[in-house]
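S.K.: For reference, the chains in residue letters:
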Amino acid sequence: DVQLLESGGGLVQPGGSLRLSCAASGFTFNNFAMNWVRQAPGKGLEWVSAIGRSGGTYYADSVQGRFTISRDDIRNTLFLEMNSLSAEDTAVYYCAKALLPTAWVPNYYSMDIWGEGTTVTVSS
Amino acid sequence: QSALTQDASVSGSRGQSITMSCTGTSSDVGGYDYVSWYQQYPGKAPKVLIYDVSKRPSGISNRFSGSKSGNTASLTISGLQAEDEATYYCSSYTRSGLGVFGGGTRLTVL
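Chains as they are written, first to last, in this note's numbering: chain A, 1 to 124; chain B, 1 to 110.
If you are wondering where the hints come from, they were derived from the structure by calculation, not from laboratory data. Glycine included, C-beta positions come from ideal geometry on N, C-alpha and C. Possibly wrong hints are sitting among the right ones.
Here are the simulated SDA-like pairs of lysine to any residue, each with C-alpha atoms no more than 20 angstroms apart in a straight line [to be verified]:
1. K43/A - Y41/B
2. K43/A - P42/B
3. K47/B - E46/A
4. K68/B - P42/B
5. K43/A - V48/B
6. K47/B - Q81/B
7. K47/B - R95/B
8. K68/B - V109/B
9. K44/B - D84/B
10. K44/B - P106/A
11. K55/B - G10/A
12. K55/B - K43/A
13. K44/B - S21/A
14. K55/B - V109/B
15. K43/A - R106/B
16. K47/B - T121/A
17. K47/B - V2/A
18. K43/A - A8/B
19. K44/B - G103/B
20. K43/A - Q40/B
21. K47/B - S70/A
22. K47/B - D112/A
23. K68/B - S26/B
24. K47/B - S25/A
25. K44/B - S17/B
26. K43/A - G9/A
27. K47/B - G10/A
28. K43/A - T23/B
29. K43/A - Q81/B
Partial chain A-side listing against chain B, Cβ under 10 angstroms, derived [unchecked claim]:
30. F27
31. E46
32. E88
33. M111
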């Protein structure tokens, strides 16, 4: 089965840091771009970041300079390093796989496989 | 980047067809044919229904269809069923090379 499993969420104080992981299985991980998408409590989806097959990275304005996306194609794992966290970053964080095995950036943002999400709460 | 604009809610009766919209600008929806639609149930991860404006991934019912005119993309659901009651999100590629979602439309099936 194709599967994504996030981990690393939790409670962190404002200004703190957290590293999320997403373990992939059931598909050729290095063939696909990967994304992080978040959803604040009771709110809609917000695209956060993407990483291409060759490691090119893309960030929403709201996290640029604070978050870093990376991937380990040996361990089939996606990461999101989050720094300078604030209450506005409180959300469920999903990792999601690009639908098509392509290096064409516009296709990065059609996502067919999603994890169950990991919850990040920023609060003192 | 600004979120795409979706109606907050829409409703329809079982068996009917409904269409919901997703409005952006020439820098996203209007400029590229890379609009996707997702269905999300409460507490669950989203599921892709449509990509590249009108393409359906394998396994998605042909009751779901997508289209685009100018800066507005549309999702049509025909033969409404009770299980279609969910929140629907559109997304698009943007001129800045990033992704953006709409605010979501809550569908009620009467």
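S.K.: Is the hinted pair K43/A and R106/B satisfied, with a Cα-Cα distance of at most 20 angstroms?
M.R.: Holds, at about 12 angstroms.
S.K.: Is K47/B within 20 angstroms of S70/A, Cα to Cα?
M.R.: violated, 24 angstroms
S.K.: Between K43/A and A8/B, is the straight-line Cα distance small enough, at 20 angstroms or below?
M.R.: Status holds; Cα separation ~12 angstroms.
S.K.: With a cut-off of 20 angstroms on the C-alpha distance, tell me whether K43/A and P42/B pass.
M.R.: holds, 11 angstroms
S.K.: When you check the alpha-carbon spacing of K43/A and Q40/B, does it fall within 20 angstroms?
M.R.: holds, 12 angstroms
S.K.: Decide if the proposed pair is consistent with the structure: K43/A and T23/B, CA atoms, cutoff 20 angstroms inclusive.
M.R.: holds, 19 angstroms
S.K.: Is the straight-line distance between the alpha-carbon of K47/B and that of R95/B 20 angstroms or less?
M.R.: Not satisfied, since the Cα-Cα distance of roughly 25 angstroms exceeds 20 angstroms.
S.K.: Does the alpha-carbon distance linking K55/B and K43/A stay inside the 20 angstroms limit?
M.R.: violated, 27 angstroms
S.K.: Is the Cα-Cα distance between K55/B and V109/B 20 angstroms or less?
M.R.: Answer violated: K55/B to V109/B is near 24 angstroms, above 20 angstroms.
S.K.: Below or equal to 20 angstroms on CA atoms is what counts here, so check K43/A against Y41/B.
M.R.: Holds, at about 13 angstroms.
S.K.: Against chain B, run the beta carbon of E88/A and see if the smallest gap drops under 10 angstroms.
M.R.: The hint is violated - E88/A has no Cβ within 10 angstroms of chain B, the shortest such distance being about 15 angstroms.
S.K.: Can you confirm whether the C-alpha distance between K55/B and G10/A stays at or below 20 angstroms?
M.R.: Distance ~37 angstroms between K55/B and G10/A Cα, so the pair is violated.
Checked against the numbered hints above, the structure violates hints 4, 7, 8, 10, 11, 12, 14, 16, 21, 25, 27, 29, 30 and 32; every other hint is satisfied.
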